[in-house]
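Asks: Residue numbers (my numbering), protein chains in the order written: chain A, 1 to 340; chain B, 1001 to 1333.
Calculated directly from the structure, the hints in this document are not laboratory data.
Since the model is a prediction, treat every value here as computed from it, not as a measurement.
Glycine included, each C-beta is placed from N, C-alpha and C at the ideal position.
Among these hints, one or two may not hold up.
In silico DSSO-like pairs for lysine-lysine, Cα to Cα no more than 30 Å straight-line [as the list claims (entries may be wrong)]:
#1 Lys-1119/B - Lys-122/A
#2 Lys-28/A - Lys-314/A
#3 Lys-1119/B - Lys-116/A
#4 Lys-238/A - Lys-325/A
#5 Lys-1071/B - Lys-1119/B
#6 Lys-1267/B - Lys-1051/B
#7 Lys-1051/B - Lys-28/A
#8 Lys-1211/B - Lys-28/A
#9 Lys-136/A - Lys-28/A
#10 Lys-153/A - Lys-238/A
#11 Lys-122/A - Lys-9/A
#12 Lys-1331/B - Lys-1051/B
#13 Lys-1027/B - Lys-1051/B
#14 Lys-1331/B - Lys-140/A
#15 Lys-122/A - Lys-317/A
#16 Lys-1027/B - Lys-1072/B
#17 Lys-8/A - Lys-314/A
#18 Lys-1267/B - Lys-136/A
#19 Lys-1072/B - Lys-1100/B
#20 Lys-1113/B - Lys-1071/B
#21 Lys-140/A - Lys-1267/B
Using C-beta positions, here's what the derived DEER-type ranges look like [said to hold, decoys possible]:
#22 Arg-1268/B - Arg-135/A: 20 to 30 Å
#23 Pro-253/A - Leu-1181/B: 54 to 64 Å
#24 Leu-184/A - Glu-1259/B: 19 to 29 Å
#25 Asp-101/A - Arg-1268/B: 25 to 35 Å
#26 Ser-181/A - Gly-1082/B: 50 to 60 Å
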Amino acid sequence: MAIEETLKKLAEAYGPSGEEEEVRLLIKEEIGSAVDQMYEDTFGNLYAIRNGGAGRIMISAHMDEIGIIITDIDDRGFLRLAPLGGISPRLMVGQRLRFRDGTIGTVYHEKLNSWKDLDWPKLYVDVGFSSSDSRKYPVKIGDLACLAQPFVKQHNGRFMAKSMDDRAGCAVLIEVIKQLSGSLPHEVCFLFSAQEELGLRGAKTAAYRYDPDYGLAVDVTLVGDTPEAPTMAVSLGKGPAIKVRDNSLFCHPRIRQLICDTAEKNSIPYQLEVLTRGGTDAGAIHVTREGVPSGAISIPCRYVHSASEIIDGKDLKLTVLLVEKLLQGLWPQIGGSNLQ
Amino acid sequence: MLEQLSNLDGISGREDSVRSYLLECLKEAPLETSVDTMGNLLVRKGKTVQKPLMISAHMDEVGLMITSIDKKGMLNFNPVGGIDSRVLPGTRVRFGDACKPGVIGVKPIHLQKAEEQEKPFDPETLYIDGGFSSEAEACRHAKVGDYAAFDIDCISFGADCYRGKAFDDRAGCLILLKLLLEDNGLNFSAAFTVQEEVGTRGAIIAANHLKPRFALVVETTAAADTPDNENKQAGTVLGDGPAISIMDRTLMVSRRMREGLVALAEKRALPYHYRRFTGAGTEGGAIALSGEGVQTAVVSVPCRYIHSPNSVISRRDIDNTMSLVRAWLEKHQ
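Bound conformation, chain A alone (with noise of 0.2 Å):
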């Protein structure tokens, strides 16, 4: 089926927050012209167009994945590294990293009296050389590096890789695009953000740019069904989870009933999600200008931010389909909208 593969593709791509490059010339490949305009930002943001009727409706996956950048070489070619984004120093050890240029390193920890003491100042990364005085030296201050795994496919239809937050939500924004057929009632943009991991960035500058009436975000949440795990009334497998709050944004009521209505009418099964940390780009979005009505629809994950992050096929797929049929239908004038 042509989602996973799309989404082995995009997992395995490099796309630390900042160089989303790899996985920009991916989508830009896959949607081809599949859609009426393409154009991408200084930030790095790309936009993917399908012209419709009045009103416009910005739909955002982000491409960046959590990495970590370099910080110092030292004389013995040992390198340290800060996270980009929220990552734990815990889940480093004994990771492996891939940085753009191919070149693949391994975190290890310096001598430590408890576990409890391992922080970041505590790792290296070490990529194979004594000496950084070699020409043949790979690395720089400033470089960056994300984790190297491959994309695995479980059983039970479910599949495994290192940046599933957000290349799951990039995958079902491409088959969207791929399968929405016959003239919309609204425009939408397509939006591939950057740097959401640091803060929501890209989102913020595309969404004054592209200047909408409407957001929505496709994004990975969090989930309560592991063990011990903090309580959180979202499952895998159980369908695409609407957003009702995280700590960037509370969802407009009517975007959520919305949503919801969709999901009902088209008997797709859906969770809601209460997410008390984290954000989205919606959260930037809903904050531009004058303001944004937005929501979100988020695909259950497990191990966010690890280099194992597991979602359900099937929830991706429904995700797709939840998506398209909320494209095809007609949003509701809200407020101070600009819809006429």
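Model the placement of chain B on the given structure of chain A, informed by the hints.
Replies: Just chain B, lined up with the frame of chain A:
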């Protein structure tokens, strides 16, 4: 000139004296100056262009604000911007528009209990002594909302250093000022911004107004080359030239701009190094996220004991940072 800029008091929200000084310096030059509603000073040099090159430095410094006056006439305060309260006891300050002298009180060692000697002072118990003997007398000379600045005069010492307050970011202001005044034939807009230390607020408005093509923030940053700091990852080195940022809390510097700055420094044989930590914010983030987004980079002059009453900075670093900023402007003309 750095001495004069350092000695001016311009705590976030009250940058008037710095702005007046800059306007006075700029008044004879053929430049277009304007002050916006927030207090940013915007100066255009050369031709008007649609999307200018922007360089920015903030006028404000960290300091204190009086929050209440107690029965004995002592002045309670809150910090404005990030100040380590442990550096305050025993520090001289000047407060209010009339710059009245005061001192941050410190309990003498004779009166401290054994356990008090083991711990730093509780920030809640710090106060300014203005020499008043009653609340009524204090209220005649001080009001709630008055600012208090470090009462420190800048001096030049050693072969190459200055000691004083507010180099963050008067050093940046000095660089912008000199680039505006010299006869270099460059076209650019300089923003002297307000309220950086309380959340890069002025830069938001300045960038929205200027809508720049590219922006370069000229800052100072923490130097970590002192005996108490063996961790090489922690920062920059005095005398090693401008520190080029790779990332900070607010901004991911675009690789193209960062590499462009490095290439320029190498071509012109200017010393430079990286700012080898990613924490703390600059107004780079506010500018980068303004409007439809602006490609932004940050260069900083290394500064020891930054945000304290006595910080130390190198003259050569200021000169070399200015040369790099000038080279950057020339390249993008």
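Asks: It remains to establish, for every hint, whether it holds in the given structure.
Replies: Hints versus structure:
no.: 1; hint: Lys-1119/B - Lys-122/A; in the structure: 28 Å, holds
no.: 2; hint: Lys-28/A - Lys-314/A; in the structure: 25 Å, holds
no.: 3; hint: Lys-1119/B - Lys-116/A; in the structure: 25 Å, holds
no.: 4; hint: Lys-238/A - Lys-325/A; in the structure: 18 Å, holds
no.: 5; hint: Lys-1071/B - Lys-1119/B; in the structure: 27 Å, holds
no.: 6; hint: Lys-1267/B - Lys-1051/B; in the structure: 27 Å, holds
no.: 7; hint: Lys-1051/B - Lys-28/A; in the structure: 29 Å, holds
no.: 8; hint: Lys-1211/B - Lys-28/A; in the structure: 29 Å, holds
no.: 9; hint: Lys-136/A - Lys-28/A; in the structure: 33 Å, violated
no.: 10; hint: Lys-153/A - Lys-238/A; in the structure: 19 Å, holds
no.: 11; hint: Lys-122/A - Lys-9/A; in the structure: 33 Å, violated
no.: 12; hint: Lys-1331/B - Lys-1051/B; in the structure: 16 Å, holds
no.: 13; hint: Lys-1027/B - Lys-1051/B; in the structure: 25 Å, holds
no.: 14; hint: Lys-1331/B - Lys-140/A; in the structure: 24 Å, holds
no.: 15; hint: Lys-122/A - Lys-317/A; in the structure: 42 Å, violated
no.: 16; hint: Lys-1027/B - Lys-1072/B; in the structure: 46 Å, violated
no.: 17; hint: Lys-8/A - Lys-314/A; in the structure: 16 Å, holds
no.: 18; hint: Lys-1267/B - Lys-136/A; in the structure: 22 Å, holds
no.: 19; hint: Lys-1072/B - Lys-1100/B; in the structure: 18 Å, holds
no.: 20; hint: Lys-1113/B - Lys-1071/B; in the structure: 25 Å, holds
no.: 21; hint: Lys-140/A - Lys-1267/B; in the structure: 18 Å, holds
no.: 22; hint: Arg-1268/B - Arg-135/A: 20 to 30 Å; in the structure: 23 Å, holds
no.: 23; hint: Pro-253/A - Leu-1181/B: 54 to 64 Å; in the structure: 57 Å, holds
no.: 24; hint: Leu-184/A - Glu-1259/B: 19 to 29 Å; in the structure: 42 Å, violated
no.: 25; hint: Asp-101/A - Arg-1268/B: 25 to 35 Å; in the structure: 27 Å, holds
no.: 26; hint: Ser-181/A - Gly-1082/B: 50 to 60 Å; in the structure: 56 Å, holds
Hints 9, 11, 15, 16, 24, counting from the list given before, are not met by this structure.
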